[in-house]
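Visitor: If you're matching them up, the sequences are chains A and B in order. Position 54 of the first sequence, counting from 1, maps to 54 under the numbering used here, and the rest follow consecutively. Position 95 of the second sequence, counting from 1, maps to 95 under the numbering used here, and the rest follow consecutively.
Don't take each hint at face value.
Since the list can't tell identical chains apart, any single copy or any two copies may satisfy a pair.
[Unchecked claim] In silico DSS-like links for lysine-lysine, alpha-carbon gap of 30 Å or less:
no., residue 1, residue 2
1, Lys-19, Lys-152
2, Lys-49, Lys-11
3, Lys-194, Lys-49
4, Lys-11, Lys-194
5, Lys-59, Lys-152
6, Lys-194, Lys-152
7, Lys-185, Lys-136
8, Lys-136, Lys-105
9, Lys-49, Lys-105
10, Lys-136, Lys-194
11, Lys-49, Lys-152
Hints were generated in silico from the structure; no laboratory data involved.
There are 2 protein chains.
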Amino acid sequence: MQHATARRGPKPNPDTRRKLLDAGVRMLHTGGYASTSVQDIVGAAAVPKGSFYNHFESKEAFGAAVVDAYFEPREENMRALFGDTGMAPLDRLSAYFDRRIVACKKAGYAQGCLLGNLSLEVTDRSVAMRERIAGKFEAWAAFIEECIREAKEEGAMQNPLPAPQLAQFVLNSWEGALVRMRAEKSATALQLFKQVVFQSILR
Amino acid sequence: MQHATARRGPKPNPDTRRKLLDAGVRMLHTGGYASTSVQDIVGAAAVPKGSFYNHFESKEAFGAAVVDAYFEPREENMRALFGDTGMAPLDRLSAYFDRRIVACKKAGYAQGCLLGNLSLEVTDRSVAMRERIAGKFEAWAAFIEECIREAKEEGAMQNPLPAPQLAQFVLNSWEGALVRMRAEKSATALQLFKQVVFQSILR
Numbered sequence: 001m002q003h004a005t006a007r008r009g010p011k012p013n014p015d016t017r018r019k020l021l022d023a024g025v026r027m028l029h030t031g032g033y034a035s036t037s038v039q040d041i042v043g044a045a046a047v048p049k050g051s052f053y054n055h056f057e058s059k060e061a062f063g064a065a066v067v068d069a070y071f072e073p074r075e076e077n078m079r080a081l082f083g084d085t086g087m088a089p090l091d092r093l094s095a096y097f098d099r100r101i102v103a104c105k106k107a108g109y110a111q112g113c114l115l116g117n118l119s120l121e122v123t124d125r126s127v128a129m130r131e132r133i134a135g136k137f138e139a140w141a142a143f144i145e146e147c148i149r150e151a152k153e154e155g156a157m158q159n160p161l162p163a164p165q166l167a168q169f170v171l172n173s174w175e176g177a178l179v180r181m182r183a184e185k186s187a188t189a190l191q192l193f194k195q196v197v198f199q200s201i202l203r
Numbered sequence: 001m002q003h004a005t006a007r008r009g010p011k012p013n014p015d016t017r018r019k020l021l022d023a024g025v026r027m028l029h030t031g032g033y034a035s036t037s038v039q040d041i042v043g044a045a046a047v048p049k050g051s052f053y054n055h056f057e058s059k060e061a062f063g064a065a066v067v068d069a070y071f072e073p074r075e076e077n078m079r080a081l082f083g084d085t086g087m088a089p090l091d092r093l094s095a096y097f098d099r100r101i102v103a104c105k106k107a108g109y110a111q112g113c114l115l116g117n118l119s120l121e122v123t124d125r126s127v128a129m130r131e132r133i134a135g136k137f138e139a140w141a142a143f144i145e146e147c148i149r150e151a152k153e154e155g156a157m158q159n160p161l162p163a164p165q166l167a168q169f170v171l172n173s174w175e176g177a178l179v180r181m182r183a184e185k186s187a188t189a190l191q192l193f194k195q196v197v198f199q200s201i202l203r
């Protein structure tokens, strides 16, 4: 009973939930999902172990919530940058990837993108996490698609392939550039991505 | 002493080494590096535990040897396919990716590429494995580069970017298509890769 009481707790504290998710984003991004235990997470969040199950019914449910928590601030940043209609659409897209490259360099070309990492680590084993990740990729591609659509409308590019397909390809290629970046620990693949995307595809 | 004798064994058996590597390729491809223990590997290979350390000084050294064992038959296949000069160079490249797409479908869009998986899982923690993986990507890109170089020489494509850069980009984008494939569990990203690469880049 003691245990059950501790697990259910009184009322879930949103601050505890936030701490758990912040620790989860950080730890899953640096160490991966399989290598990070619930014990590690509550330790890093400095909350009582029982509180974890007040907020998340399983490690998998937590993993799916971490995907949301990871994407949320990034989506906010994209909304701000891509919403800046004072810049030409392809310039916005170019600036976005330039910022990402600077961030990757700052991180020592480690960690990469949590969505890509989890795609390779957990999607064969967790439908819940896989679907959450797939949804974020869609939301991310929509920002890129909007830039490409506007560029096409303004006559700033001639590539006849439709904007949705080009956007998905650009996003997938970015994920691939991050894979190669991790293997090489350099910006080469990221810079090459920018060069080929802007010189051969979005033109 | 018993233990030390068992570990050092008499003379390493190449058949045991092969069994360990075959099990390693299979298990690292399906379950990842962190989730697979030395115990799991010797169990799957059905060899005595001590024999592992007759052949590999550490799990990390084993992981690097698994990278070689994974790439070797794939390199052989590429040598055969890309060496078939009866086919036009871009047709060879197209046939190569078509085969890869069929193989991915057969695997239920799971597992993907072990080099990509390990790039995201271990390269921040193991220099030995990272360098081995980076070398395989280079060897792989060289096959693609040769096709592109020949296509350029024959006037079959006009893209002014140099063959080495185009080849690296194509390979990295393929890895990215595999990331997205894993998240979507479908061939969509792979087919889109082929479409954009052959319609917008290698032209």
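Visitor: Now, for every hint given, state plainly whether the structure supports it.
Guide: How the hints compare with the structure:
Proximity of Lys-19 to Lys-152 under the C-alpha cut-off of 30 Å is found in neither arrangement, the shortest distances being 43 Å within a copy and 55 Å between copies. In this assembly of identical chains, the alpha carbons of Lys-49 and Lys-11 lie at most 30 Å apart only when taken from the same copy (15 Å versus 49 Å across copies). Taking the closest pair of Cα atoms, Lys-194 and Lys-49 never come within 30 Å of each other, the shortest separation being 45 Å inside a single copy and 48 Å across copies. When the C-alpha separation of Lys-11 and Lys-194 is checked against a cutoff of 30 Å, the pair qualifies neither within a copy, at 49 Å, nor between copies, at 52 Å.
In this assembly of identical chains, the alpha carbons of Lys-59 and Lys-152 never lie at most 30 Å apart, being 44 Å within a copy and 52 Å across copies at closest. Taking the closest pair of Cα atoms, Lys-194 and Lys-152 come within 30 Å of each other both inside a single copy (19 Å) and across two copies (22 Å). In this homomeric assembly, Lys-185 and Lys-136 come within 30 Å of each other (Cα to Cα) both inside a single copy, at 26 Å, and across copies, at 15 Å. For the identical chains of this complex, Lys-136 and Lys-105 are neighbours both inside a copy (24 Å) and across copies (23 Å), given an alpha-carbon limit of 30 Å.
Within a single copy, Lys-49 and Lys-105 get their C-alpha atoms no closer than 35 Å, and across copies no closer than 42 Å, so neither meets the 30 Å cut-off. Both within a single protomer and between protomers do Lys-136 and Lys-194 lie at most 30 Å apart by alpha-carbon distance, with minima of 22 Å and 23 Å respectively. With identical chains, the CA atoms of Lys-49 and Lys-152 are never at most 30 Å apart, being 53 Å at best within one copy and 62 Å at best between copies.
Violated hints for the displayed structure, listed by number in ascending order: 1, 3, 4, 5, 9, 11.
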